[in-house]
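Number of protein chains: 2
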Amino acid sequence: MRRRPFLSTSVLDTSTGSTGPSAAGRHLRDGAFGNARNLVCRECGATQELGPFYACQECFGPLEIAYDYPSITRAEIEAGPKNIWRYQALLPVPTDIASSPNMEPGFTRLLKADNLGRALGMKNLWVKDDSGNPTHSFKDRVVAVALSAARELGMTVFACPSTGNLANAVAAAGARAGMKTVVFIPADLERAKVLTSAVYTDSLVAVNGNYDDVNRLASEIAGEEEGWAFVNVNVRPYYAEGSKTLAYEVAEQLGWRLPQQVVVPVASGAQLTKIDKGFTELARLGLVEETPYKVYGAQATGCSPVSAAFKSGHDVVRPVRPDTIAKSLAIGNPADGPYVLDVTRRTGGAVEDVTDEEVRDGIQLLARTEGIFAETAGGVTIATLKKLVETGQLDPDAETVVFNTGDGLKTLDAIADRVGPAATIDPSYAAFTATGLA
Amino acid sequence: MRRRPFLSTSVLDTSTGSTGPSAAGRHLRDGAFGNARNLVCRECGATQELGPFYACQECFGPLEIAYDYPSITRAEIEAGPKNIWRYQALLPVPTDIASSPNMEPGFTRLLKADNLGRALGMKNLWVKDDSGNPTHSFKDRVVAVALSAARELGMTVFACPSTGNLANAVAAAGARAGMKTVVFIPADLERAKVLTSAVYTDSLVAVNGNYDDVNRLASEIAGEEEGWAFVNVNVRPYYAEGSKTLAYEVAEQLGWRLPQQVVVPVASGAQLTKIDKGFTELARLGLVEETPYKVYGAQATGCSPVSAAFKSGHDVVRPVRPDTIAKSLAIGNPADGPYVLDVTRRTGGAVEDVTDEEVRDGIQLLARTEGIFAETAGGVTIATLKKLVETGQLDPDAETVVFNTGDGLKTLDAIADRVGPAATIDPSYAAFTATGLA
Numbered sequence: 001m002r003r004r005p006f007l008s009t010s011v012l013d014t015s016t017g018s019t020g021p022s023a024a025g026r027h028l029r030d031g032a033f034g035n036a037r038n039l040v041c042r043e044c045g046a047t048q049e050l051g052p053f054y055a056c057q058e059c060f061g062p063l064e065i066a067y068d069y070p071s072i073t074r075a076e077i078e079a080g081p082k083n084i085w086r087y088q089a090l091l092p093v094p095t096d097i098a099s100s101p102n103m104e105p106g107f108t109r110l111l112k113a114d115n116l117g118r119a120l121g122m123k124n125l126w127v128k129d130d131s132g133n134p135t136h137s138f139k140d141r142v143v144a145v146a147l148s149a150a151r152e153l154g155m156t157v158f159a160c161p162s163t164g165n166l167a168n169a170v171a172a173a174g175a176r177a178g179m180k181t182v183v184f185i186p187a188d189l190e191r192a193k194v195l196t197s198a199v200y201t202d203s204l205v206a207v208n209g210n211y212d213d214v215n216r217l218a219s220e221i222a223g224e225e226e227g228w229a230f231v232n233v234n235v236r237p238y239y240a241e242g243s244k245t246l247a248y249e250v251a252e253q254l255g256w257r258l259p260q261q262v263v264v265p266v267a268s269g270a271q272l273t274k275i276d277k278g279f280t281e282l283a284r285l286g287l288v289e290e291t292p293y294k295v296y297g298a299q300a301t302g303c304s305p306v307s308a309a310f311k312s313g314h315d316v317v318r319p320v321r322p323d324t325i326a327k328s329l330a331i332g333n334p335a336d337g338p339y340v341l342d343v344t345r346r347t348g349g350a351v352e353d354v355t356d357e358e359v360r361d362g363i364q365l366l367a368r369t370e371g372i373f374a375e376t377a378g379g380v381t382i383a384t385l386k387k388l389v390e391t392g393q394l395d396p397d398a399e400t401v402v403f404n405t406g407d408g409l410k411t412l413d414a415i416a417d418r419v420g421p422a423a424t425i426d427p428s429y430a431a432f433t434a435t436g437l438a
Numbered sequence: 001m002r003r004r005p006f007l008s009t010s011v012l013d014t015s016t017g018s019t020g021p022s023a024a025g026r027h028l029r030d031g032a033f034g035n036a037r038n039l040v041c042r043e044c045g046a047t048q049e050l051g052p053f054y055a056c057q058e059c060f061g062p063l064e065i066a067y068d069y070p071s072i073t074r075a076e077i078e079a080g081p082k083n084i085w086r087y088q089a090l091l092p093v094p095t096d097i098a099s100s101p102n103m104e105p106g107f108t109r110l111l112k113a114d115n116l117g118r119a120l121g122m123k124n125l126w127v128k129d130d131s132g133n134p135t136h137s138f139k140d141r142v143v144a145v146a147l148s149a150a151r152e153l154g155m156t157v158f159a160c161p162s163t164g165n166l167a168n169a170v171a172a173a174g175a176r177a178g179m180k181t182v183v184f185i186p187a188d189l190e191r192a193k194v195l196t197s198a199v200y201t202d203s204l205v206a207v208n209g210n211y212d213d214v215n216r217l218a219s220e221i222a223g224e225e226e227g228w229a230f231v232n233v234n235v236r237p238y239y240a241e242g243s244k245t246l247a248y249e250v251a252e253q254l255g256w257r258l259p260q261q262v263v264v265p266v267a268s269g270a271q272l273t274k275i276d277k278g279f280t281e282l283a284r285l286g287l288v289e290e291t292p293y294k295v296y297g298a299q300a301t302g303c304s305p306v307s308a309a310f311k312s313g314h315d316v317v318r319p320v321r322p323d324t325i326a327k328s329l330a331i332g333n334p335a336d337g338p339y340v341l342d343v344t345r346r347t348g349g350a351v352e353d354v355t356d357e358e359v360r361d362g363i364q365l366l367a368r369t370e371g372i373f374a375e376t377a378g379g380v381t382i383a384t385l386k387k388l389v390e391t392g393q394l395d396p397d398a399e400t401v402v403f404n405t406g407d408g409l410k411t412l413d414a415i416a417d418r419v420g421p422a423a424t425i426d427p428s429y430a431a432f433t434a435t436g437l438a
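Note that the protein sequences, when read in sequence, are chains L and C.
Residue 1 is where the first sequence starts when you use UniProt numbering, and the numbers rise one by one after that.
Residue 1 is where the second sequence starts when you use UniProt numbering, and the numbers rise one by one after that.
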């Protein structure tokens, strides 16, 4: 069941007309959103001017960004900064974005994963490792675009509800931007996750309740308080566009071509749909040849509403109550679930899910074959890749990119019972040789 | 007191003559070490052929790499991969290094730090943020060069003694290289630090004793076992060269020029001396204009033997027993200490030290001004920068680069008592407005 999106009347009322609305009653400057043209409803196709809106005025469907696509060359992109702003022309951000104080995320490693490929019986496998971002998850990408939108819309507070990666990214980006930043978390969050956000800000608010309670409170505040930009609520259409850069980078790093298969973790599902959007745009703009690709979604069995719908052949995603160690994917009612079904079915991919034990295996397998320590979400993706190969749903000979979107340092508990020293010895050569490791 | 370096007779005995020695009795291939010419003693200047040696055969002084420097252009470097291998020609690695399985470290962010600059009364400040490396410290750079040397020398085991960052980097790089990897750690190491290495390898060995005990055991094994490459022991001359890439990147990212001042943390001191070497090389090769720069060293007061020697005007560094929260800088008898004194005095810089409380302040200051969460070593550097400005030892108007070489996620305890939620509330708008954060 989709909750009716909240439309902030206080925000709408401040619309100033000529150049578009702004939360603080200021006019938008020219080019505030680069080549973005307007907002368009993903359900009914109605358009709306650019502003702090996230739901269609006609049907309450979700909005996304539409562009007047420029003509742009590979060389122009390659001459840009070594971060997501090299793709400025394809994002809803101004041309001077790279010189504003921001985290400069992106252009993370794309590693050829021959060891992992061998372990899985695959011929041509790559890992896109987004743990190299400033706060070590892909959230730095989306938050950077949301920050730009908040600034251009004249909003004065940068905020989010989160249980982890997003809180880190928002708190860090807000600090560097010098913007008032308020981050809402469930009060029972693990100490490490509290610290990794609290280090950046004095305005961390713990809320008695679960993530859904925190999220509801955020929507309420977004409606009541003027000028608050909740990155994943009222500036969500801008925020979500940041994930397109994952697709752009993969294509560029492969030498300007599309992979044949990609495996992407599914939480809200926005990342997967935006990677598809990114590939489509590159082909449309002539930056890559339009070659077919298949998109696969990965979920934890303990929170697999999209996988369940895919397997049942349903178009509707039935919400679930999450129960998995992959907390960063634990969204029981994923907003982009139906669009994930569209993309995976249209491209000939699939959505699969794996148990928490398989997730732990996946983390360990990736670490031991490629030296990449993924968070639980990465474990989900690797384990799903393995399952897709084993069940014949994914072609082991086709060029495949699997996404690691977070860092194992944030989810140490997942592997705590599985790994450790091989031996504990006295500091002597004799004691060492007795271990059999010599 | 300098311990007599151990010369492995088993390694020396396998020297095969014509093209140089190798640990496994194999010939070195042509170009195994790129443009490196030989090893040279930093004390007496005696030269030695390239091989698994780290101490001078004449005087037991430490060896470093000498080069037949090539002529190379900025454009050639810029056309290289977006990692440290773009500087292959200036490192002891072969021309095909980028295609070998390695972690692809480097080319981390250089961020303009205007907020931090304002807080410190500085006009032109940058942060080189090396926490973006694959295992989130600068150690990925040095380990990558050591790995290449180990491979080219035909060594079969990749190893190190470590208490943290180095263990992570070696275990990860060894896994990706598919090389047998053995990591030695003190048995009482914190759980998180054990896990972040153990995830990559089954061959983690806990040793009853402190870091010095572990280090001694490593030297003993290096002498007894054939083909073991301890990155920071018997292939140390190659390993240390990796830190030059920090200097290369800073100069390139500034638009091919040298900064006027740099502030670098001092553990063994190798990083500081190699940054100086890197700047010198760039000027010598005509890649940057030869402009003056001052090098500053940063230590924690609880382990400040180099700072103490600097302040006393001594040339000799008296070893200390470390007692500081900055564990990754806690080397009481720093091998490169005298060279740090040379560099800082020659360039007109200084070495300063700060208390653990100042270290915590430094971590928090950097996080809240620039959104960068540094490990304790980074806190040392930021706090030292502050002290250098306040005491008039560093020019607040000159262009300055400060190095963050590790990640706060690995040293959470340092800030655990200082930061946290501003409020804990029930999930209602009324409860939120009562916090005063609205």
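Check the hints yourself; a few may be wrong.
Stated by the list, open to error - Under the rule of at most 20 Å between Cα atoms (straight-line distance), these lysine to any residue pairs were calculated in the SDA-like manner:
#1 L:Lys180 with C:Tyr429
#2 C:Lys180 with L:Thr435
#3 L:Lys123 with L:Arg257
#4 C:Lys180 with L:Glu281
#5 L:Lys311 with L:Thr301
#6 L:Lys82 with C:Glu252
#7 L:Lys387 with L:Arg118
#8 L:Lys82 with L:Gly255
#9 C:Lys82 with C:Leu110
#10 L:Lys112 with C:Ser100
#11 C:Lys180 with L:Arg118
#12 C:Lys82 with L:Arg74
#13 C:Lys180 with L:Ala422
#14 C:Lys277 with C:Val40
#15 L:Lys180 with C:Leu28
#16 L:Lys82 with C:Val40
#17 L:Lys311 with L:Gly348
#18 L:Lys180 with C:Gly255
#19 L:Lys193 with C:Leu412
#20 L:Lys82 with L:Tyr67
#21 C:Lys82 with L:Glu78
#22 C:Lys193 with L:Arg360
#23 L:Lys82 with C:Lys112
#24 C:Lys82 with C:Lys311
#25 C:Lys82 with C:Gly255
#26 C:Lys112 with L:Lys193
#27 L:Lys82 with C:Lys311
#28 C:Lys112 with L:Ala98
#29 L:Lys387 with L:Asp114
#30 C:Lys82 with L:Ala422
#31 L:Lys123 with C:Gly178
#32 L:Lys180 with L:Glu190
#33 C:Lys180 with C:Arg191
#34 L:Lys123 with L:Lys311
#35 L:Lys311 with L:Pro338
Calculated from the structure, these hints are not laboratory results.
Quick rundown of the hints versus the structure:
no., hint, verdict
1, L:Lys180 with C:Tyr429, "19 Å, holds"
2, C:Lys180 with L:Thr435, "15 Å, holds"
3, L:Lys123 with L:Arg257, "18 Å, holds"
4, C:Lys180 with L:Glu281, "44 Å, violated"
5, L:Lys311 with L:Thr301, "13 Å, holds"
6, L:Lys82 with C:Glu252, "13 Å, holds"
7, L:Lys387 with L:Arg118, "15 Å, holds"
8, L:Lys82 with L:Gly255, "16 Å, holds"
9, C:Lys82 with C:Leu110, "14 Å, holds"
10, L:Lys112 with C:Ser100, "10 Å, holds"
11, C:Lys180 with L:Arg118, "17 Å, holds"
12, C:Lys82 with L:Arg74, "17 Å, holds"
13, C:Lys180 with L:Ala422, "14 Å, holds"
14, C:Lys277 with C:Val40, "14 Å, holds"
15, L:Lys180 with C:Leu28, "59 Å, violated"
16, L:Lys82 with C:Val40, "37 Å, violated"
17, L:Lys311 with L:Gly348, "13 Å, holds"
18, L:Lys180 with C:Gly255, "33 Å, violated"
19, L:Lys193 with C:Leu412, "10 Å, holds"
20, L:Lys82 with L:Tyr67, "23 Å, violated"
21, C:Lys82 with L:Glu78, "12 Å, holds"
22, C:Lys193 with L:Arg360, "18 Å, holds"
23, L:Lys82 with C:Lys112, "15 Å, holds"
24, C:Lys82 with C:Lys311, "40 Å, violated"
25, C:Lys82 with C:Gly255, "16 Å, holds"
26, C:Lys112 with L:Lys193, "27 Å, violated"
27, L:Lys82 with C:Lys311, "41 Å, violated"
28, C:Lys112 with L:Ala98, "11 Å, holds"
29, L:Lys387 with L:Asp114, "18 Å, holds"
30, C:Lys82 with L:Ala422, "36 Å, violated"
31, L:Lys123 with C:Gly178, "17 Å, holds"
32, L:Lys180 with L:Glu190, "24 Å, violated"
33, C:Lys180 with C:Arg191, "23 Å, violated"
34, L:Lys123 with L:Lys311, "27 Å, violated"
35, L:Lys311 with L:Pro338, "13 Å, holds"
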